[in-house]
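Engineer: Chains A and B, in that order, are what the protein sequence lines are.
Take the first sequence: its letter number 130 is residue 130 in my numbering, and every next letter is one higher.
Take the second sequence: its letter number 63 is residue 318 in my numbering, and every next letter is one higher.
Please keep in mind that the hints were generated in silico from the structure rather than gathered at the bench.
Some hints here could point you the wrong way.
[Said to hold, decoys possible] Take a look, some chain A residues computed to stay more than 10 Å from chain B by CB distance:
hint, residue
1, S26
2, V29
3, F66
4, G69
5, G116
6, F125
7, L128
8, E137
9, D139
10, T144
11, G153
12, S179
13, H208
14, D219
15, L239
16, L249
[Said to hold, decoys possible] Per label pair, the in silico range of CB-to-CB distance:
hint, chain 1, residue 1, chain 2, residue 2, range
17, B, R588, A, G122, 30 to 40 Å
18, B, D338, A, G122, 41 to 51 Å
19, A, A57, B, S413, 47 to 57 Å
20, B, S587, A, K113, 25 to 35 Å
21, B, E645, A, G116, 30 to 40 Å
22, B, P651, A, D71, 49 to 59 Å
Idealized CB from N, CA, C, for every residue including glycine.
The lines below spell out each chain.
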Amino acid sequence: MSQTPLLEIRNLHARVAGVEILKGLSLTVGVGEIHAIMGPNGAGKSTLSQVLAGHPAYEITSGEIFFKGKDLLAMEPEDRAREGVFLAFQYPIEIPGVSNSYFLRTALNEHRKYKGLPEIDGAGFIELVTKRMEVLEMDPALLTRSLNEGFSGGQKKRNEILQMLVLEPSLCLLDETDSGLDIDALREVSKGVNWLRAEDRSMILVTHYQRLLDHIKPDQIHVLAKGRIIRSGGADLALELEKRGYDWLLEEAGL
Amino acid sequence: MSGEPQWLLELRAKARGKAHELGLPSRKLEEWKYTSSARFLLEEDTSAIGPVDCSTFTTADSTYPLEAEAPFLELVDGHPVRDFLDLPDGVFFGSFASALARPDLAALLEAKLASVIDWNGQALPAWNLSSFQTGVLLHVPAGVSLEIPLQLFHRQYSSASPAWNWVLVVLGENARASLAEVHESSEGMAHRSLIVTEVVLGANAQLTHGRIGLQGRGDTVWASTAVKQARSSNYQGHLAQIGAEYARIETVLNLAETDCEGSLKGVFRPDADRHIDIQTVVDHAAPKCRSAQTVKGVLDGESTGVFHGRVYVRPGAAGTRAQQSNRNLLLSRKATVHARPQLEIENDDVKASHGSATGNLDEKALFFLRARGFSHAAARAVLIRAFLQEVADQMPWPELKGRVQHLLEGQA
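Based on the sequences and whatever the hints tell you, model everything.
Structural biologist: Have a look at this one:
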């Protein structure tokens with residue numbers, strides 16, 4: 001493929017609070033591809049998400065990340081977001097006193113400003129966000145409430161996906177978005193994610209479970225263990241993991 | 256004022272004597288532990304000034320009202336720009352000089368002036384009483400509801416001498432009014448001001464009162480509000496202190512008769528090496544009164560904040576409900592806040608709560624907002640707004656509120 005990959009991670013080492021979590025992780029995600037990252041607890045899946053989004057607590061000790069050919073690690077978190085990296089948080093933050101609509105509109109306008117576009121006005125924003133909420137079958141009343149305050153687990157996750165639908169990033173990172181969701185919520189969240197699938201948009205689904213992959217078909221599946229990717233494969237790998245667990249892979253990798 | 260009546264001259268002389276006798280409060284006093292009273296009153300002030308002839312008005316009227324619809328009076332460098340406003344239903348809002356020219360208002364002034372603030376026990380009010388240049392009286396007669404909000408600007412453009420202003424608000428029985436006092440001054444100078452506002456609320460009267468400090472960053476400000484409430488009256492106070500290098504803002508609510516309600520919502524926002532001291536006293540002297548105070552500080556740089564809140568529940572004040580809370584947000588590791596919420600209860604039948612908490616910006620929320628494309632500064636502004644919401648959002652003057660919020664969020 002002659003096209004520059006959307007994301008290229010080379011031999012990444014990262015630590016938090018002095019403990020090395022990622023130990024030589026490499027991953028390439030092409031434009032328009034969907035990748036799933038699976039693996040046992042403590043493998044470094046969430047660390048990878050946080051590092052990509054630029055969380056200041058994680059220290060990169062070696063390795064490189066290129067996003068659209070640019071040095072991602074040199075960018076502030078807000079610039080990564082404006083360039084098109086979107087992390088759907090595993091544990092969405094509650095911010096009492098900030099309304100969902102104010103937050104979303106400000107975020108959207110920050111992105112538009114960065115791209116040299118005019119700010120969206122109140123009416124235009126409401127029209128856009130209402131359409132996106134319909135995709136997720138979200139209650140419009142959630143728009144006027146404080147950001148995630150008093151939201152159920154499912155509402156919080158849907159709200160993350162709503163932000164994704166409004167901001168239309170080029171790389172969607174879903175960090176265990178499926179965890180804690182019931183069947184209906186999972187279906188609606190997946191519907192939102194699939195709605196956003198596009199030739200110029202890539203996704204990384206970080207998940208424990210096969211069930212998300214029933215709804216969103218990945219192009220590639222990677223198994224992350226002990227801070228490295230120890231196996232990559234197609235959709236059949238997920239089924240095999242579902243049946244056999246991770247131990248056999250860990251043994252094969254000598255871990 | 257030139258040609259002051261005898262009673263006022265005598266009152267001023269008495270106050271001058273009291274001021275000398277009391278001396279400035281020392282740091283040994285709990286309520287003056289963190290703030291130096293000597294900053295507010297310099298030696299030269301005590302010898303040089305006395306009653307000033309303010310019959311000549313300043314011509315500086317180039318400034319603008321914050322609430323477009325609200326009538327306003329303006330004191331510039333301690334001098335009134337206009338003598339009084341024409342208001343309906345016998346409402347008077349104007350200088351003491353013009354009030355003294357009317358027999359009914361002269362009698363009211365004589366009866367009420369200096370009847371609320373403790374100038375017999377505190378030097379700064381005594382100094383102010385002896386020295387204030389301009390007084391402003393707002394009188395709303397019994398039964399009158401003033402629907403339009405009023406504004407009073409304390410403005411300073413020259414740094415030559417301090418502005419001493421005295422404001423007296425008298426609401427008759429069942430009267431209602433809203434008054435926002437806004438302090439402004441030119442940037443880049445070191446103005447000083449000493450301002451007293453006394454409020455006398457008749458039975459069932461209701462006042463919404465703002466003290467909004469938007470001074471230049473070099474100013475020294477002492478402002479004290481004292482409120483005396485008659486039966487079933489209601490005082491709703493809104494404080495915002497954003498400007499000044501060194502400021503102390505005092506509020507004393509005296510719930511003197513049964514069934515009163517007193518509320519105070521305050522916010523202070525020092526940065527750099529500025530110092531803001533917020534003092535509140537709520538005195539439950541009668542049964543079945545309710546009070547609520549919420550004061551929030553946002554501190555940046557190497558600034559210092561002080562919150563000292565005192566609630567007294569006197570022996571006869573059965574059925575009191577008193578609530579006080581102070582929360583502070585430190586934006587910098589070098590900012591300091593001294594918080595001292597204090598309850599003194601001398602009655603059993605009381606529901607009272609108080610508390611204080613100080614913390615930093617929530618790093619998780621900050622990262623979340625940045626991960627959604629907010630700049631660091633914008634993310635901070637959003638979190639400050641959220642922190643202050645329950646106080647700053649409650650300000651009843653929309654345009655003033657908008658400007659205050661903008662400044663509170665740290666936006667230029």
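Engineer: Any hints this thing doesn't respect? Which numbers, in order?
Structural biologist: none
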